[in-house]
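As you go down the protein sequences, you meet chains A and B in turn. Take 1328 as the starting number for the first sequence in this note's numbering and just add one per residue. Take 6 as the starting number for the second sequence in this note's numbering and just add one per residue.
By construction, these hints were calculated from the structure, which means they are not laboratory data. Heads up, the beta-carbon is just placed ideally off N, CA and C, and yes, glycines get one too. Don't take every hint at face value.
Here are the simulated DSBU-like pairs of lysine-lysine, each with C-alpha atoms no more than 30 Å apart in a straight line [stated by the list, open to error]:
1) A:LYS1745 with A:LYS1696
2) B:LYS129 with A:LYS1787
3) A:LYS1360 with A:LYS1527
4) B:LYS47 with B:LYS189
5) A:LYS1393 with A:LYS1373
6) B:LYS189 with A:LYS1783
7) A:LYS1783 with B:LYS47
8) B:LYS47 with A:LYS1787
9) A:LYS1373 with A:LYS1401
10) A:LYS1386 with A:LYS1357
11) A:LYS1787 with B:LYS146
12) B:LYS47 with B:LYS12
13) A:LYS1745 with A:LYS1675
14) B:LYS189 with B:LYS12
15) A:LYS1527 with A:LYS1675
16) A:LYS1401 with A:LYS1675
17) A:LYS1609 with A:LYS1401
18) B:LYS12 with A:LYS1783
Listed next, with one range per pair, are the computed distances between beta-carbon atoms [claimed, not checked]:
19) A:ASP1605 with B:ASP28: 29 to 39 Å
20) A:THR1607 with B:SER234: 56 to 66 Å
21) B:GLY152 with A:THR1752: 44 to 54 Å
22) B:GLY44 with A:THR1752: 26 to 36 Å
23) A:ASN1403 with B:GLU126: 46 to 56 Å
Derived contacts from chain A toward chain B, CB cut-off under 10 Å, selection only [what the hints assert, rightly or not]:
24) LEU1764
25) SER1773
26) ASN1779
27) GLU1784
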Amino acid sequence: MVATTETIAAVEDATGAYKYGFVTDIETEKAPKGLNEDIIAFISAKKNEPEWMLEWRLKAYRHWLKMDSPDWAKLNIPEIDYQDVYYYAAPKSAEGPKSLDEVDPELLATYEKLGIPLNEQKMLAGVAVDAVFDSVSVATTFREELAKSGVIFCPISEAIREYPELIKKYMGSVVPVADNYFSALNSAVFTDGSFVYIPKGVRCPMELSTYFRINEKNTGQFERTLIIAEDNSYVSYLEGCTAPQRDENQLHAAVVELVAMEDAEIKYSTVQNWYPGDETGKGGIYNFVTKRGICRGDRAKISWTQVETGSAITWKYPSCILKGRDSVGEFYSVAVTNGAQQADTGTKMIHLGEGSRSTIISKGISAGKSQNTYRGLVEVHKPAEGARNFTQCDSLLVGDKCGAHTVPYIVSRNPSGKIEHEATTSRISEDQLFYCLQRGMDEEESVSLIVNGFCKEVMKELPMEFAVEAQKLIGISLEGSVG
Amino acid sequence: MNLLEIKNLHAAIGDTKILHGIDLTINRGEVHAIMGPNGSGKSTLSYVLSGRDGYEVTEGEILLDGESVLEMEADERARAGMFLAFQYPVELPGVTGMSFLRAAVNARRREAGEDEVDQLEFVKLVRAAAADLGVDNEMLKRAVNVGFSGGEKKRYEILQMALLKPSLAVLDETDSGLDVDALKIVSDGVNAQRGDDCGMLVITHYQRLLSHIVPDFVHILAGGRIIKSGDKSLALEVEENGYAGLVNAA
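Generate coordinates for the entire structure from the input sequences, incorporating the hints supplied.
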């Protein structure tokens, strides 16, 4: 891999700052601040939703009102005033662009600046992108190309109107509305996100990707993604996220649901780079995300790969329900925290099917004054005869003011289940650092090289096009962590 | 101009003084050997020269090409042409041998204002150099020094040296952990790099390395001082009589 040279280049041009912290000046339509049934009705109306969807949202909202914010994570979450947030913000020009020619040039320029050109000629070959800006999807590329093979890739708001049967059947089927506080909140106010449907026997001809951008001040982003892979199909999907540098904290509460039928495979990758706040902990995104997939059919496979470098607070546990016989769940994670960042992240592997297997590889890197926790559950239920899990959690500490924590929960209700857990905690040794320095690499490059080596098992799971970007990111996030 | 000039060098680790006034001058094209008993300060000298954290120069001067390096960080000294072949090369899990070499070469090229190496050209270059040292392609795909045998580690050190082309190479106990055959391969690799562009400082405990890498000058280090200097015959004298006689005479 080209880890080093790429990383260095990135470190050099980033000059120690969050690179994506700019704000796009664009005329926006917002709902009034605050959360109540009228706001939810407003969002639903804005999206031209059918009545049943509004009912679904209101039901979620009423659940949410009765719930409490989870407090079991090793996170220090300041009280959030949910009435002080905008739940809907959309660029005025974004109301229903039909083709790329109609997209506001200002928005195209924004994505260009983020390194995501939406112009199909300029794009990475073989990657289709859905661009979500605050509360709306502003463009989805390569849709016609994909439609030829029967693949649906569109904003979820459009799917609700166009494919109500699929939505009714699957939305909330993996993450029930009242699953947790943030999923209930999301279900009430979600605004956009992506919908993917891969028909039977189809191998999706290109990588699908959604790029989330929060732009407006005091605005929460509540995206909702649903991916359905029918029997014997395959899809690889990647999401990326950035936000402007602001002093106030901003809320991002997403729900992602994956459904894999018999012999289907879904590979879901995330490169999360929300604004992390400054070193003192001022500003940054609160990232409270529920991601879950179900292997409904036999031999289905779901693979989560995440590279988490951003956000002030991360609360996120992409999980797999392994219902099918011989179904497979994988979780590969790199979580980097620096400055005052806090991350509590991991996975849940719920083994229900006979012979189901899961693999968890987690690499946590803590620097600065940050706290980084792996929290994972492996649960083998009675019918899961012969289920297997292998977990490896490695933590790397950079400096002496940060913390790394590993909290594995293991439950086995079937004596034939085999569960392995390995964990290590280490530091970048002075020997390693000196060895690199003596070969001429400066301190930041040396740390980046060592850390990228430490994460290699996970990085190689990312689609090629994004591996380089992810390596750069790790280098950038660790800037100023040594010396 | 002298390549390296060490003048009255005193150095300490924390409160412990290890080097007590070393004077040594190395010119391009010369190979100097430093021999000495355990605890004489040999490895300390190599770390002080290369600028390792924690090794403090309390008095004296180190000049490389006439410029003081005392204010330079380890990486700056490396880019200025100093190379240390480690006694115990360090493991870097997940970092492949090839990518590490590329990072090191590029660090120098950037310093020199040159473009980074072309990937394909570089792979060819490395493979040619590696073949001379009996380093196979498979080894370059593995993580740096992880699971390498003693011989492989030392060959990888010398391969780095061959690609980085330092003006001053310090070889710290390069013979340790090598069997006779490996010693020959590594020594041949070092000898191939002798020439008018490079000065070498070979640190060793035993004479046997010096019958492969024949030095122009031999210095005996004891108690943090050079107590005797001479030509290659001095090494044989040590081999014959041990260090004790020399140390006592000093």
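Cross-check of the supplied hints:
1. A:LYS1745 with A:LYS1696: 37 Å, violated
2. B:LYS129 with A:LYS1787: 24 Å, holds
3. A:LYS1360 with A:LYS1527: Not satisfied, since the Cα-Cα distance of roughly 43 Å exceeds 30 Å.
4. B:LYS47 with B:LYS189: 23 Å, holds
5. A:LYS1393 with A:LYS1373: The given pair, whose Cα atoms are some 26 Å apart, holds under the 30 Å limit.
6. B:LYS189 with A:LYS1783: Violated: B:LYS189 and A:LYS1783 sit about 35 Å apart, past 30 Å.
7. A:LYS1783 with B:LYS47: Between A:LYS1783 and B:LYS47 the Cα gap is close to 37 Å, so the pair fails against 30 Å, i.e. violated.
8. B:LYS47 with A:LYS1787: 42 Å, violated
9. A:LYS1373 with A:LYS1401: 38 Å, violated
10. A:LYS1386 with A:LYS1357: Given pair A:LYS1386, A:LYS1357 holds - Cα atoms ~23 Å apart, limit 30 Å.
11. A:LYS1787 with B:LYS146: Roughly 14 Å separates the two Cα atoms, so the pair holds.
12. B:LYS47 with B:LYS12: Satisfied, since the Cα-Cα distance of roughly 16 Å is no more than 30 Å.
13. A:LYS1745 with A:LYS1675: Holds, at roughly 16 Å.
14. B:LYS189 with B:LYS12: Measuring from Cα to Cα gives roughly 34 Å; hence the hint is violated.
15. A:LYS1527 with A:LYS1675: 27 Å, holds
16. A:LYS1401 with A:LYS1675: Cα-Cα ~17 Å, so holds.
17. A:LYS1609 with A:LYS1401: Judged against 30 Å, a Cα distance of about 19 Å means the pair holds.
18. B:LYS12 with A:LYS1783: Distance of about 45 Å is beyond 30 Å: violated.
19. A:ASP1605 with B:ASP28: 29 to 39 Å: Given about 51 Å between the Cβ atoms, the range is violated.
20. A:THR1607 with B:SER234: 56 to 66 Å: For A:THR1607 and B:SER234 the Cβ distance comes to about 57 Å; the hint holds.
21. B:GLY152 with A:THR1752: 44 to 54 Å: Because 22 Å falls outside the window, the suggested range is violated.
22. B:GLY44 with A:THR1752: 26 to 36 Å: 34 Å, holds
23. A:ASN1403 with B:GLU126: 46 to 56 Å: Roughly 52 Å apart at Cβ, these two residues keep to the hinted range, so it holds.
24. LEU1764: OK, holds: A:LEU1764 within 10 Å of chain B, min 4 Å.
25. SER1773: Status holds, d = 8 Å.
26. ASN1779: 7 Å, holds
27. GLU1784: For A:GLU1784, the interface hint holds, since the closest Cβ of chain B sits about 7 Å away, which is under 10 Å.
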